[in-house]
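Peer 1: Residues per chain, in single letters:
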Amino acid sequence: ELKVEQNPLFLSMQEGKNYTIYCNYSTTSDRLYWYRQDPGKSLESLFVLLSNGAVKQEGRLMASLDTKARLSTLHITAAVHDLSATYFCAVGPGTASKLTFGTGTRLQVTL
Amino acid sequence: SQTIHQWPATLVQPVGSPLSLECTVEGTSNPNLYWYRQAAGRGLQLLFYSVGIGQISSEVPQNLSASRPQDRQFILSSKKLLLSDSGFYLCAWSRDRTDTQYFGPGTRLTVL
Numbered sequence: 011e012l013k014v015e016q017n018p019l020f021l022s023m024q025e026g027k028n029y030t031i032y033c034n035y036s037t038t039s040d041r042l043y044w045y046r047q048d049p050g051k052s053l054e055s056l057f058v059l060l061s062n063g064a065v066k067q068e069g070r071l072m073a074s075l076d077t078k079a080r081l082s083t084l085h086i087t088a089a090v091h092d093l094s095a096t097y098f099c100a101v102g103p104g105t106a107s108k109l110t111f112g113t114g115t116r117l118q119v120t121l
Numbered sequence: 149s150q151t152i153h154q155w156p157a158t159l160v161q162p163v164g165s166p167l168s169l170e171c172t173v174e175g176t177s178n179p180n181l182y183w184y185r186q187a188a189g190r191g192l193q194l195l196f197y198s199v200g201i202g203q204i205s206s207e208v209p210q211n212l213s214a215s216r217p218q219d220r221q222f223i224l225s226s227k228k229l230l231l232s233d234s235g236f237y238l239c240a241w242s243r244d245r246t247d248t249q250y251f252g253p254g255t256r257l258t259v260l
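Protein sequence lines correspond, in order, to chains G and P.
For the numbering used here, count along the first sequence from 1 and bump the result up by 10.
For the numbering used here, count along the second sequence from 1 and bump the result up by 148.
Misleading hints may appear alongside valid ones.
To give a feel for the contact side, a few chain G residues facing chain P, derived at Cβ under 8 Å [what the hints assert, rightly or not]: (1) G26; (2) Y32; (3) T37; (4) V58; (5) L60; (6) S61; (7) N62; (8) V65; (9) K66; (10) G114.
Label-pair distances were calculated between CB atoms; the ranges are [to be verified]: (11) G/T120 to P/S177: 41 to 47 Å; (12) G/L121 to P/S177: 45 to 51 Å; (13) G/G50 to P/Q193: 31 to 37 Å; (14) G/K27 to P/K227: 33 to 39 Å; (15) G/K27 to P/S232: 36 to 42 Å; (16) P/S225 to G/G50: 21 to 27 Å; (17) P/S225 to G/G69: 16 to 22 Å; (18) P/S232 to G/Y32: 41 to 47 Å.
Read the hints as simulated data drawn from the structure, not as lab findings.
All values derive from a computational prediction rather than experimental measurement.
Each residue gets a CB set at the ideal place from its N, CA and C atoms; glycine is no exception.
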């Protein structure tokens with residue numbers, strides 16, 4: 011059974027600081043996704059990573075994938091309050107379209 | 149462009165009552181469709197997915213069922229709701245298995 015773990019589960023950081031969220035998964039996968047969820051809202055797609063070494067960047071967020079280590083990271087550069095949200099990674103191995111979601115990392119950026 | 153709709157947005161139902169949640173997608177053909185549930189403060193649990201009309205795969209045995217009567221319509225149902233069915237129900241679509249899944253606005257269900 012595929013397991014997806016994120017850490018930390020909760021992250022409080024000051025504006026302007028850098029930090030990294032980690033996503034580990036237990037079995038071989040060929041695709042990994044990052045999503046953002048604001049409180050009470052649906053999920054918004056951030057990145058899709060489809061190969062080893064893939065790196066995607068959008069604004070202050072950068073995601074990378076290491077399929078050998080079964081690890082993806084979401085790096086936050088110079089955090090701003092608007093980045094406060096819960097971030098989920100999701101892994102999709104094998105056939106069909108099933109995704110297994112991580113537990114989520116709740117990010118709180120303080121002024 | 150593609151749009152995904154869900155309704156109702158909010159629902160409060162008594163235990164033992166039936167349920168019907170609807171999801172429709174516009175602007176694409178033959179999408180893969182998904183139902184997820186998110187319990188309060190938790191991650192997402194895949195309930196059902198469908199790769200075509202009448203084709204439903206169930207991920208979690210429970211008192212819920214899903215149907216896809218039309219290409220871009222996905223329905224989640226229950227004959228008798230349980231307290232544990234409370235949660236945030238999200239419908240999603242994708243073009244194929246490797247494509248990003250795009251989520252609808254969700255239905256917040258409270259079973260009392």
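Peer 1: Does each hint hold? Answer for all of them.
Peer 2: Now the hints, each set against the structure:
{"no.": "1", "hint": "G26", "in the structure": "violated (28 Å)"}
{"no.": "2", "hint": "Y32", "in the structure": "violated (15 Å)"}
{"no.": "3", "hint": "T37", "in the structure": "violated (16 Å)"}
{"no.": "4", "hint": "V58", "in the structure": "holds (5 Å)"}
{"no.": "5", "hint": "L60", "in the structure": "holds (7 Å)"}
{"no.": "6", "hint": "S61", "in the structure": "violated (11 Å)"}
{"no.": "7", "hint": "N62", "in the structure": "violated (15 Å)"}
{"no.": "8", "hint": "V65", "in the structure": "violated (17 Å)"}
{"no.": "9", "hint": "K66", "in the structure": "violated (12 Å)"}
{"no.": "10", "hint": "G114", "in the structure": "holds (5 Å)"}
{"no.": "11", "hint": "G/T120 to P/S177: 41 to 47 Å", "in the structure": "holds (46 Å)"}
{"no.": "12", "hint": "G/L121 to P/S177: 45 to 51 Å", "in the structure": "holds (47 Å)"}
{"no.": "13", "hint": "G/G50 to P/Q193: 31 to 37 Å", "in the structure": "violated (18 Å)"}
{"no.": "14", "hint": "G/K27 to P/K227: 33 to 39 Å", "in the structure": "violated (51 Å)"}
{"no.": "15", "hint": "G/K27 to P/S232: 36 to 42 Å", "in the structure": "holds (40 Å)"}
{"no.": "16", "hint": "P/S225 to G/G50: 21 to 27 Å", "in the structure": "holds (25 Å)"}
{"no.": "17", "hint": "P/S225 to G/G69: 16 to 22 Å", "in the structure": "violated (40 Å)"}
{"no.": "18", "hint": "P/S232 to G/Y32: 41 to 47 Å", "in the structure": "violated (31 Å)"}
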